[in-house]
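**Student:** These protein sequence lines map, in sequence, to chains A and B. For what it's worth, our numbering labels the leading residue of the first sequence as 7, then goes sequentially. For what it's worth, our numbering labels the leading residue of the second sequence as 67, then goes sequentially.
In case anyone wonders, no lab produced these hints; they're calculated from the structure. Among the hints, erroneous ones may be present.
[Said to hold, decoys possible] Residues on chain B that point at chain A, a partial pick, calculated with CB under 7 angstroms:
id : residue
1  : 107
2  : 108
3  : 109
4  : 111
5  : 154
6  : 164
7  : 165
8  : 168
9  : 169
10 : 170
[Claimed, not checked] Now the in silico label distances, taken between C-beta atoms and shown as ranges:
id : chain 1 : residue 1 : chain 2 : residue 2 : range
11 : A       : 45        : B       : 86        : 17 to 27 angstroms
12 : A       : 19        : B       : 118       : 42 to 52 angstroms
13 : A       : 8         : B       : 122       : 21 to 31 angstroms
14 : A       : 72        : B       : 123       : 40 to 50 angstroms
For glycine and all other residues, C-beta sits at the position ideal for the given N, C-alpha and C.
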Amino acid sequence: GAGVSQTPSNKVTEKGKYVELRCDPISGHTALYWYRQSLGQGPEFLIYFQGTGAADDSGLPNDRFFAVRPEGSVSTLKIQRTERGDSAVYLCASSLVGGLGNIQYFGAGTRLSVL
Amino acid sequence: SQQGEEDPQALSIQEGENATMNCSYKTSINNLQWYRQNSGRGLVHLILIRSNEREKHSGRLRVTLDTSKKSSSLLITASRAADTASYFCATDEIQGAQKLVFGQGTRLTINP
Numbered sequence: 007g008a009g010v011s012q013t014p015s016n017k018v019t020e021k022g023k024y025v026e027l028r029c030d031p032i033s034g035h036t037a038l039y040w041y042r043q044s045l046g047q048g049p050e051f052l053i054y055f056q057g058t059g060a061a062d063d064s065g066l067p068n069d070r071f072f073a074v075r076p077e078g079s080v081s082t083l084k085i086q087r088t089e090r091g092d093s094a095v096y097l098c099a100s101s102l103v104g105g106l107g108n109i110q111y112f113g114a115g116t117r118l119s120v121l
Numbered sequence: 067s068q069q070g071e072e073d074p075q076a077l078s079i080q081e082g083e084n085a086t087m088n089c090s091y092k093t094s095i096n097n098l099q100w101y102r103q104n105s106g107r108g109l110v111h112l113i114l115i116r117s118n119e120r121e122k123h124s125g126r127l128r129v130t131l132d133t134s135k136k137s138s139s140l141l142i143t144a145s146r147a148a149d150t151a152s153y154f155c156a157t158d159e160i161q162g163a164q165k166l167v168f169g170q171g172t173r174l175t176i177n178p
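Chain A on its own, in the form it takes in the complex (with noise of 0.2 angstroms):
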């Protein structure tokens, strides 16, 4: 596609349910990075990929957070036993590394809700 895109735009869950969010990034872009934003804050690094790699996941609040990326193309990021204070919108952009200054690209994002 022409742009990062996100699934599902919104999602809705229980406290202590477990969610998956998707990205798909620009075709061709091998760096792949996941933010997340509170309401009236700027958006926080999760964890970066470099191919299928984790190059950095040094922003993982703790280990109920979880990002895969297996082909190096399309990432899950997954949320286990999820908490009212998970809820946020969660943002992915893609790059091209060795591109101009690091522009990223980011998608819509997926706006999570734990009730």
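Since chain A is already given, all that's left is putting chain B on it; use the hints.
**Tutor:** Chain B alone, transformed into the frame defined by chain A:
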């Protein structure tokens, strides 16, 4: 963690006026970028300035960077109603691999 502060947090001006937003950051950087976010949408890259540059222009946008003060400003000239959005600065730190560290953003409202 957030990189730093953006100032002001909210700005409301009349169409045609200029809008200035400021950003401060904490660490040494490679580049500083400004992004725009319309309500409920993803972020869109506006402009990038390298750490060895002091000023950059793109259309109605002017960005300055002062690495000695660890600060940047974004000026939007001749504002339009369509410029209404949130604006975020983002840095990639020299020691921070590829991740971007965002400020808290400025909510800009242009009144027709």
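**Student:** Are the hints correct? Go through all of them and say.
**Tutor:** Verification of the hints:
1. 107: holds, 6 angstroms
2. 108: Holds: closest Cβ of chain A sits about 4 angstroms from residue 108(B), inside 7 angstroms.
3. 109: Hint on residue 109(B): holds, closest Cβ of chain A at ~4 angstroms, below 7 angstroms.
4. 111: Residue 111(B) check passes; min Cβ-Cβ to chain A is 5 angstroms, inside 7 angstroms.
5. 154: holds, 5 angstroms
6. 164: holds, 5 angstroms
7. 165: Holds, because the Cβ-Cβ distance from residue 165(B) to chain A comes to roughly 4 angstroms (cut-off 7 angstroms).
8. 168: Given a least distance of 3 angstroms, the restraint on residue 168(B) holds.
9. 169: Where the cut-off is 7 angstroms and the nearest Cβ of chain A is about 5 angstroms from residue 169(B), the hint holds.
10. 170: It holds, given that the least Cβ distance between residue 170(B) and chain A is near 5 angstroms, below 7 angstroms.
11. 45(A) with 86(B): 17 to 27 angstroms: holds, 25 angstroms
12. 19(A) with 118(B): 42 to 52 angstroms: holds, 47 angstroms
13. 8(A) with 122(B): 21 to 31 angstroms: At 27 angstroms between Cβs, range holds.
14. 72(A) with 123(B): 40 to 50 angstroms: holds, 43 angstroms
The structure agrees with every numbered hint stated previously.
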